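In my numbering, the protein residues as written are 1 to 151.
Simulated from the structure, these hints should not be mistaken for lab results.
Since the model is a prediction, treat every value here as computed from it, not as a measurement.
Yeah, the Cβ is synthetic: ideal placement off N, Cα and C, and Gly gets one too.
Hints should not be assumed to be uniformly reliable.
Said to hold, decoys possible - Cβ-Cβ distance ranges computed for the label pairs, FRET-style:
| # | residue 1 | residue 2 | range |
| --- | --- | --- | --- |
| 1 | Leu123 | Ala9 | 33 to 39 Å |
| 2 | Gly77 | Leu123 | 14 to 20 Å |
| 3 | Ile8 | Phe103 | 34 to 40 Å |
| 4 | Leu71 | Phe47 | 21 to 27 Å |
| 5 | Met1 | Cys30 | 21 to 27 Å |
| 6 | Asp46 | Ala114 | 39 to 45 Å |
| 7 | Leu71 | Gly121 | 33 to 39 Å |
| 8 | Ile5 | Lys122 | 39 to 45 Å |
| 9 | Leu71 | Thr45 | 36 to 42 Å |
| 10 | Ala96 | Cys41 | 17 to 23 Å |
| 11 | Pro25 | Val65 | 17 to 23 Å |
| 12 | Glu76 | Phe141 | 23 to 29 Å |
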Amino acid sequence: MFFLIIYIALNLQLVRCDVRSRLLPDYYTCPLLWAGLLWHCLSRTDFLNDAVFGAIAGYTSFAAVYWGYRLLRGHEGLGYGDVKYLAALGAWHGWASLPALVFYAALFACCAVAFTLCRQGKLQVIKNPLPFGPFLAAAGFVVGYPTLIRF
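Please model the entire structure based on the sequences and the hints provided.
Next comes the structure, spelled out in structure tokens:
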């Protein structure tokens with residue numbers, strides 16, 4: 001139960017920070033990552049390899065997107081906090097959950113943009129930066145729900 005509280009509290013703090021300042025500080029992403037790995041060390045040792053590979057794969061996949069976009073376009077398309085956040089979620093949910101995490105986060109973000117576009121009716125909405133952290137958090141809760149209820 002202790003780790004569930006940590007998971008929820010850190011995710012909520014990250015959502016709050018990203019919505020307010022469009023930043024995902026290491027102050028919250030790093031403890032989230034290490035808490036996920038520690039949880040697997042203490043209670044789910046059979047899943048520890050998946051968690052470690054999830055953190056590595058989450059980091060490297062979004063880092064590749066970050067650097068690829070930056071090299072092609074000359075500016076960031078994804079914040080580096082999102083890279084570390086996906087690594088933390090990979091540590092909690094394992095490497096096999098990463099495609100679902102990214103899919104749901106992108107789906108939720110697209111739905112939010114479509115809703116805002118319909119509501120405001122301005123194409124400028126598409127050009128505004130969008131904090132991706134809240135959508136990663138929502139995806140983490142959706143994908144991780146079966147795991148989280150077993151705490």
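Okay, the hints, checked on the actual structure:
no.: 1; hint: Leu123 - Ala9: 33 to 39 Å; verdict: holds (38 Å)
no.: 2; hint: Gly77 - Leu123: 14 to 20 Å; verdict: holds (18 Å)
no.: 3; hint: Ile8 - Phe103: 34 to 40 Å; verdict: violated (22 Å)
no.: 4; hint: Leu71 - Phe47: 21 to 27 Å; verdict: violated (35 Å)
no.: 5; hint: Met1 - Cys30: 21 to 27 Å; verdict: holds (22 Å)
no.: 6; hint: Asp46 - Ala114: 39 to 45 Å; verdict: holds (41 Å)
no.: 7; hint: Leu71 - Gly121: 33 to 39 Å; verdict: holds (35 Å)
no.: 8; hint: Ile5 - Lys122: 39 to 45 Å; verdict: holds (41 Å)
no.: 9; hint: Leu71 - Thr45: 36 to 42 Å; verdict: holds (40 Å)
no.: 10; hint: Ala96 - Cys41: 17 to 23 Å; verdict: holds (19 Å)
no.: 11; hint: Pro25 - Val65: 17 to 23 Å; verdict: holds (20 Å)
no.: 12; hint: Glu76 - Phe141: 23 to 29 Å; verdict: holds (26 Å)
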